[in-house]
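Visitor: So the chains spell out like this:
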Amino acid sequence: MESNRSRNRALVSFIVLPMLFLTVALLGGLRVGAEDHAFIFIPPPLVMLLLAVLLALLFVRGHLIELPRWVASSNSPLTNFSHIWMLLTLFFASAQAFNSVLPERGLLHWLFSFFFLWTLWNNLFSRFDARRLLHSLAVLFGTAFVLKHLLLAGLYSQDRGWLQRVAGALLQGVSLGTLDTPAFAPASGYISFFTLALFVAGLFLLPFAQNREAAELAHPVVENYKKLPPSDRVIASEVILEDSTTSPRELDGILEEGRE
Amino acid sequence: MPGEVGIQMRQKSIQAVGIVLTFSYAAFIIWIYATEPRTFKEVATSAEIAAGTYQINQERFNSALALFRHEQFRAARDEWQRADPAQGDARTQFYVSYAFYREGWGRVYYDQALIKQGLEAVNRASSLTANGSLTVDDPNLQMHTVAELKAELEQARERGWSDLNPFKVLRTRK
Numbered sequence: 127m128e129s130n131r132s133r134n135r136a137l138v139s140f141i142v143l144p145m146l147f148l149t150v151a152l153l154g155g156l157r158v159g160a161e162d163h164a165f166i167f168i169p170p171p172l173v174m175l176l177l178a179v180l181l182a183l184l185f186v187r188g189h190l191i192e193l194p195r196w197v198a199s200s201n202s203p204l205t206n207f208s209h210i211w212m213l214l215t216l217f218f219a220s221a222q223a224f225n226s227v228l229p230e231r232g233l234l235h236w237l238f239s240f241f242f243l244w245t246l247w248n249n250l251f252s253r254f255d256a257r258r259l260l261h262s263l264a265v266l267f268g269t270a271f272v273l274k275h276l277l278l279a280g281l282y283s284q285d286r287g288w289l290q291r292v293a294g295a296l297l298q299g300v301s302l303g304t305l306d307t308p309a310f311a312p313a314s315g316y317i318s319f320f321t322l323a324l325f326v327a328g329l330f331l332l333p334f335a336q337n338r339e340a341a342e343l344a345h346p347v348v349e350n351y352k353k354l355p356p357s358d359r360v361i362a363s364e365v366i367l368e369d370s371t372t373s374p375r376e377l378d379g380i381l382e383e384g385r386e
Numbered sequence: 276m277p278g279e280v281g282i283q284m285r286q287k288s289i290q291a292v293g294i295v296l297t298f299s300y301a302a303f304i305i306w307i308y309a310t311e312p313r314t315f316k317e318v319a320t321s322a323e324i325a326a327g328t329y330q331i332n333q334e335r336f337n338s339a340l341a342l343f344r345h346e347q348f349r350a351a352r353d354e355w356q357r358a359d360p361a362q363g364d365a366r367t368q369f370y371v372s373y374a375f376y377r378e379g380w381g382r383v384y385y386d387q388a389l390i391k392q393g394l395e396a397v398n399r400a401s402s403l404t405a406n407g408s409l410t411v412d413d414p415n416l417q418m419h420t421v422a423e424l425k426a427e428l429e430q431a432r433e434r435g436w437s438d439l440n441p442f443k444v445l446r447t448r449k
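As they're listed, the protein sequences go chains W and F.
For the first sequence, my numbering begins at 127 and goes up steadily by one.
For the second sequence, my numbering begins at 276 and goes up steadily by one.
Simulated from the structure, these hints should not be mistaken for lab results.
Don't take each hint at face value.
Stated by the list, open to error - One side of the interface only, derived from the structure: several residues of chain F facing chain W at Cβ under 10 angstroms: (1) I282; (2) A291; (3) I304; (4) E311; (5) T314; (6) E317; (7) V318; (8) W380.
Keep in mind the model is a prediction, meaning the values are calculated, not measured.
All C-beta atoms, glycine included, are put in the ideal place defined by N, C-alpha and C.
Just chain F, same shape as in the assembly:
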């Protein structure tokens, strides 16, 4: 009965192909619901991140860095947002957090809303690195690691009696 054997073999191959195809499709659906992209562009960006081929827009990153150095923190953050729309690059998120820190820093008090956003960004940067540590070699910065920046932001969030210390006005922004 070679015909029957052939039919059975064909059925098995269809089954195998079906399982592979439908499992991949199901995985894609689970991924879509987990990442919740808002546009087709975000779908593509999320796919790039998942595939490990995601790259930020370097031109925009550089222009944001120039704005950051001219103390135009909001404009810099907008540019970084455009450079890294998926918020998937640790270095960019580090700079975004730094921009929040510098803008939120005050000689007398910290802007808590900005510091909070800075903390969120530094946490994102930390989660995007393999072991949670990242070093940025930028001579214009005084904090070069995620840990340093995070500690500074967390300190800024804390409230205590030391806030009443008048010598605090002498502190410097990092």
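Okay, chain W solo, but in the shape it has when bound:
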């Protein structure tokens, strides 16, 4: 059983995840032309790399990537190399995931970039655990996808109705013609959806790929936590969520206060 677990973990972290993230890197910049249905490859602009750096910091801060465990002196050089390579593929996948949901040019490109930048920057100072971070990212990318590929694509598509034409013209007028969004074939939306699904799936797989030693060590702690009465659980979880280290004696004192 242990053998299967370690083999599956190795397969995920050394083959499945890098391949998945590289596929995201490939498809994230792929669009299909509206007129001739030709492939258009858009490499990530500089701002996407900046967003990817912020996202990488968020992964580390949200403990989705336990960096000291991924790259450690106790690991073999090959393992460290493989892990660094996997993290690199994650970085490029992040950049291309942003590329996939951000408008290609015009005012909206900068507006979207600014909102992403703002959200990620704020998140850096928020308290996150891996699960919350994943949910937050899924919602963030989902919202951007809906805005770009459903709302904007509808306004600027080739075969739009009169209401969409009026709305598009109004939007262009209000923005003084700065909403210069290129129109792509509907296939671009499907590719983007598939890309984001792969990216989010890869992120959900990340914790599985990490060494579960820590989780196994944490197991008795969790078992003891479950034995606590509900009121003590609340206090204990509050203490655990605080970043400061609390000694057992201090913890006893806090629990006593809570009971009183």
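Add chain F to chain W, keeping to what the hints say.
Guide: Just chain F now, with coordinates in the frame of chain W:
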């Protein structure tokens, strides 16, 4: 602990396979973004060029050559485009350039747009050969090398006082 050693060995082999697979995939992605193919067919053609197995459509090439000899330069260029869709064959690009030259040549003036395209095609032909030189043994042509054709096209692009020379109308097309 033979079991643990076995697990470690298996992990190492998975790592090695993973590195080889993912590096090849990453190289493929970089290549795709560098070449920017527009269709799946172009992906296949670019792959053939990269693998060194690319071949032009010889039938189309011959029919284009026949059109070229009948002075139907545009039709000839279209056929050559179909014969060499990836623009990866030096000889075909040489002929395409020659067709641009002959069509752009005029007794009084050169059609600069065509001459410019001819220059682009001859540059492509030059870059496709190993040392930048190519010789085409065709008795119907008066220029047989990339260098000759390029020099002629560059000369046609130049503007100077000699353009006003009335004896220029006596020059002949190569």
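Visitor: What hint numbers does the structure not satisfy?
Guide: 8
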